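There are 2 protein chains.
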Amino acid sequence: MAAGTATVTAAALVTDMVKLLGPERVFHKDVDLKTYTYDSSFVSQINNFTPEVVVMPTSTEEVSRIMRYADQHGVAVTPRGAGSGQTGGSVAVRGGIVMDLSAWDDIVEVDEVNMQVVVRPGVVHAELNNHISSYGLYFPPDPGSSEWATIGGMVANNASGLRAVKYGNTGQYVLGLEVVMPDGQVIRTGGLKSKALKSVSGLNLTGLFLASEGTLGVITEVRLKVWPKPPSRAIVVAYFDRLEDAAQSVLEVFKAGILPSGIEILDDGAIRSVNLFKPQLKLPEVEAAIFFEVNGSKAATEDEGRQIEEIAKRRAGSVEMATDAKRMKELWTGRQAIGAASARAKPNAARIFAGEDVCFPMAKVPEALRRIKEIGREHDTMVVIYGHIGDGNMHTAPIIDPLKPEEVEAAQRVAEDIHRLALEIGGATTGEHGVGFVRAAFMEEEHGAALTVMRRIKDCLDPKGIMNPGKIWAEE
Amino acid sequence: MAAGTATVTAAALVTDMVKLLGPERVFHKDVDLKTYTYDSSFVSQINNFTPEVVVMPTSTEEVSRIMRYADQHGVAVTPRGAGSGQTGGSVAVRGGIVMDLSAWDDIVEVDEVNMQVVVRPGVVHAELNNHISSYGLYFPPDPGSSEWATIGGMVANNASGLRAVKYGNTGQYVLGLEVVMPDGQVIRTGGLKSKALKSVSGLNLTGLFLASEGTLGVITEVRLKVWPKPPSRAIVVAYFDRLEDAAQSVLEVFKAGILPSGIEILDDGAIRSVNLFKPQLKLPEVEAAIFFEVNGSKAATEDEGRQIEEIAKRRAGSVEMATDAKRMKELWTGRQAIGAASARAKPNAARIFAGEDVCFPMAKVPEALRRIKEIGREHDTMVVIYGHIGDGNMHTAPIIDPLKPEEVEAAQRVAEDIHRLALEIGGATTGEHGVGFVRAAFMEEEHGAALTVMRRIKDCLDPKGIMNPGKIWAEE
Chain B
-15 MAAGTATVTA AALVTDMVKL LGPERVFHKD VDLKTYTYDS SFVSQINNFT PEVVVMPTST
45 EEVSRIMRYA DQHGVAVTPR GAGSGQTGGS VAVRGGIVMD LSAWDDIVEV DEVNMQVVVR
105 PGVVHAELNN HISSYGLYFP PDPGSSEWAT IGGMVANNAS GLRAVKYGNT GQYVLGLEVV
165 MPDGQVIRTG GLKSKALKSV SGLNLTGLFL ASEGTLGVIT EVRLKVWPKP PSRAIVVAYF
225 DRLEDAAQSV LEVFKAGILP SGIEILDDGA IRSVNLFKPQ LKLPEVEAAI FFEVNGSKAA
285 TEDEGRQIEE IAKRRAGSVE MATDAKRMKE LWTGRQAIGA ASARAKPNAA RIFAGEDVCF
345 PMAKVPEALR RIKEIGREHD TMVVIYGHIG DGNMHTAPII DPLKPEEVEA AQRVAEDIHR
405 LALEIGGATT GEHGVGFVRA AFMEEEHGAA LTVMRRIKDC LDPKGIMNPG KIWAEE
Chain Z
-15 MAAGTATVTA AALVTDMVKL LGPERVFHKD VDLKTYTYDS SFVSQINNFT PEVVVMPTST
45 EEVSRIMRYA DQHGVAVTPR GAGSGQTGGS VAVRGGIVMD LSAWDDIVEV DEVNMQVVVR
105 PGVVHAELNN HISSYGLYFP PDPGSSEWAT IGGMVANNAS GLRAVKYGNT GQYVLGLEVV
165 MPDGQVIRTG GLKSKALKSV SGLNLTGLFL ASEGTLGVIT EVRLKVWPKP PSRAIVVAYF
225 DRLEDAAQSV LEVFKAGILP SGIEILDDGA IRSVNLFKPQ LKLPEVEAAI FFEVNGSKAA
285 TEDEGRQIEE IAKRRAGSVE MATDAKRMKE LWTGRQAIGA ASARAKPNAA RIFAGEDVCF
345 PMAKVPEALR RIKEIGREHD TMVVIYGHIG DGNMHTAPII DPLKPEEVEA AQRVAEDIHR
405 LALEIGGATT GEHGVGFVRA AFMEEEHGAA LTVMRRIKDC LDPKGIMNPG KIWAEE
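In order, the protein sequences belong to chains B and Z.
Using the numbering used here, you'd call the opening residue of the first sequence number -15 and step up by one each time.
Using the numbering used here, you'd call the opening residue of the second sequence number -15 and step up by one each time.
So that you can see chain B by itself, here it is in the shape it has in the complex:
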């Protein structure tokens, strides 16, 4: 059988999908399926969640036909974008169909005057911004994975990233969605024909599908508000001997009435990793480096940059501000390199994604980071920390040898303890990556009775439980 509740065999499922889409966009050989068994989450990489078939629809009608079929035959469907998620959200933990939407990447419309774009789910974030920059427009949320993350995935996870301090998350820009419901019905949220920049007409279905992680339907089109591109930016990087001083400086910048477009942190381990990866950067090896970015008019960025520089100097060992493009790029490289660099913190090791997206109350960030380091020590696991200190959203990276079972087990305990720490001190288990299956076990503790209301909505919109099963809710 194709999945838990399916009424067709895997072979029949493949045959039927070929009938719907033709042979070129249906994959069922082991070698093809293998690449769909994981995303960036460590747990998916050490398991083997294999779908029966992968399909690549490129029209709403095709998606609707697939969903009608899946509904009729009780087959699980897992929508997938770039597969760059870190929660297993796009992995078919119950088998069935993986619906790969990454090839459906049309920018349907750029409406310059109405400041909005219409895109299909597979459009990559960086490609969208490259495309619309010639119109003087941009889509402000900036996930670290800009070069591969798809807009469909960003909506399904309500992604945010480096500019959320000032610009919030993806959801703040979503004006409307086309969604194929689990039974194949096609709806449009935000108004059937609307190009309005604001609407409060009817229940907020757009909001409900945000961060629904493919559990309520398939997002097949996104109408996004975009904004005039700020003409200027400035970067201030400050190096602090003490983590607490770094956190305090962030609060003092806010206190001055400044809302930077981004505030990022590298902890001592992250700084060392970057230096090992790019020795020419020679970052001072202090306890915390903070990267402030401001944007706006030239006068504004220079003024606010100077103010931030003054504020940071009160507590930092060294501070540098840059407004010219070349130096800004060099300074920002330190922040950008950490994703690739973190594994350098330990010889023959890899950085894994586990417990990597906790969000802490601003006041608790220093305490939280110290406790994460303790957790690492308790489990004899190196943990490098970086992320969006401007909103408390920290990316913690266990560095392990994934071929050593004891290190793998320790890393999983580290991730569990980090999640529990977030809940204990009033944070959230995930600031921007989502729940998937890796955090499903924490949902009851995090949400209490609200989880039952979420479940009622899920059961009402997907009564057969075929949409991305095994995510958000832990095994019954």
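Keep in mind that a hint or two might mislead.
The list treats identical chains as interchangeable, and a pair is accepted whether it falls inside one copy or across any two copies.
[As the list claims (entries may be wrong)] Computed cross-link-like contacts, PhoX-like style, restricted to lysine-lysine with a CA-CA straight-line distance of at most 20 Å:
#, residue 1, residue 2
1, Lys330, Lys388
2, Lys357, Lys177
3, Lys239, Lys209
4, Lys213, Lys266
5, Lys239, Lys330
6, Lys239, Lys213
7, Lys209, Lys177
8, Lys18, Lys297
9, Lys448, Lys213
10, Lys3, Lys282
11, Lys310, Lys282
12, Lys282, Lys150
13, Lys239, Lys282
14, Lys209, Lys313
15, Lys448, Lys313
If you're looking for bench data, these hints aren't it; they were derived computationally from the structure.
Because the structure is a prediction, the values reported are computed rather than measured.
Chain B is already provided as a structure; the job is to place chain Z on it using the hints.
Coordinates of chain Z only, in the frame set by chain B:
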């Protein structure tokens, strides 16, 4: 009987409510009930939707007990804040209980470091901002009704107002809600104990309750993100002989990469009304006045103000920029006076709220405003127009003698035509005020199949249909 499906008499309902809350916070005399038969919508004012009883709970436990009772006895419950809404949303069109939450106005917590506040639903917008300004914080959305609108009402309608261009709507600041469900169950969205500034954990219930207009549950507590207060602002007012030039200047400001905190318009009728109301202002009687506001650092606001002044001068007959507080206040008075002034456009007339909140695509604003004037002429009704041109959200005000039935009837036809115009040219029937019962008849045309999905969610969360019945969905 107390309402359509109620199993208790009105007298028993009153007795039972007194048992739950005591006599001081339960009202049932005709004179008391009368003040709850309307809100600011014209349609509610010419009808007589009288509840059987009004209750004023001031704790979650009380709200929960009332909802358990209502669930058990099938009694309709209509939550109400200040009653300043313009859709009939807080009026008991099916009788039953009006739950007046305006007295429950505790600011539970101001958490300066975590930049968030926790408030009960009855807190008034202006009071919240007055209270937190001493912490250097502010809640950016600015409804014109700031002096009376409650935060509960703002969440229930996802209100926005004069600063939505840059700061979006109420929803972008809501981190979590406490909600009493229709059966009395109490849930907390956004995490049981979370003080995180970002979370994508679980289905977005916070988003679902935004703009749900009391149809899914009662909002009993709101956790809001607040922001550092910008230290400076500047105002530029420009007067245009032609509406099209005014609209074009707005687009040119965006094109320069500037995102003003507000962009407001007064049309010729609105300007004349303001001059009749406050003759000392002597506004130039042109076709359109545009009020730009920018905020941020002092250097930023002066720089962006100057840029806007230059851009506006290309097309405007006259332009004035102000950065000193006194002159800014004088200039802004022109915009602020319009709410009270609009009735002056015609002797012995009143301004009514009907068709007052359409939102047009930016590119269609001039065409839409000209067509609204035509609609007015067709029905021999004066229509004054003002509002948030920065996001296309226009407030249209029919000016009539409400004692003349033919003028009342004409105004209702004007409102209907304005709503149809919005749908025809790709706008929305409501940008920020909501649906209530006055726009319920347009929902099917506006949303198509999505309306059935909204209904499924409604039926799933409120199976007995007791939460604010008769709103969003037209009569079955």
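A quick look at each hint next to the structure:
no., hint, verdict
1, Lys330 with Lys388, "within (14 Å within a copy, 83 Å between copies)"
2, Lys357 with Lys177, "neither (52 Å within a copy, 23 Å between copies)"
3, Lys239 with Lys209, "between (30 Å within a copy, 15 Å between copies)"
4, Lys213 with Lys266, "neither (32 Å within a copy, 37 Å between copies)"
5, Lys239 with Lys330, "neither (38 Å within a copy, 49 Å between copies)"
6, Lys239 with Lys213, "between (26 Å within a copy, 8 Å between copies)"
7, Lys209 with Lys177, "within (15 Å within a copy, 32 Å between copies)"
8, Lys18 with Lys297, "neither (52 Å within a copy, 63 Å between copies)"
9, Lys448 with Lys213, "neither (45 Å within a copy, 49 Å between copies)"
10, Lys3 with Lys282, "neither (58 Å within a copy, 65 Å between copies)"
11, Lys310 with Lys282, "within (16 Å within a copy, 27 Å between copies)"
12, Lys282 with Lys150, "both (17 Å within a copy, 18 Å between copies)"
13, Lys239 with Lys282, "between (22 Å within a copy, 15 Å between copies)"
14, Lys209 with Lys313, "neither (27 Å within a copy, 32 Å between copies)"
15, Lys448 with Lys313, "neither (50 Å within a copy, 59 Å between copies)"
Hint compliance for this structure: hints 2, 4, 5, 8, 9, 10, 14, 15 are broken, all remaining hints hold.
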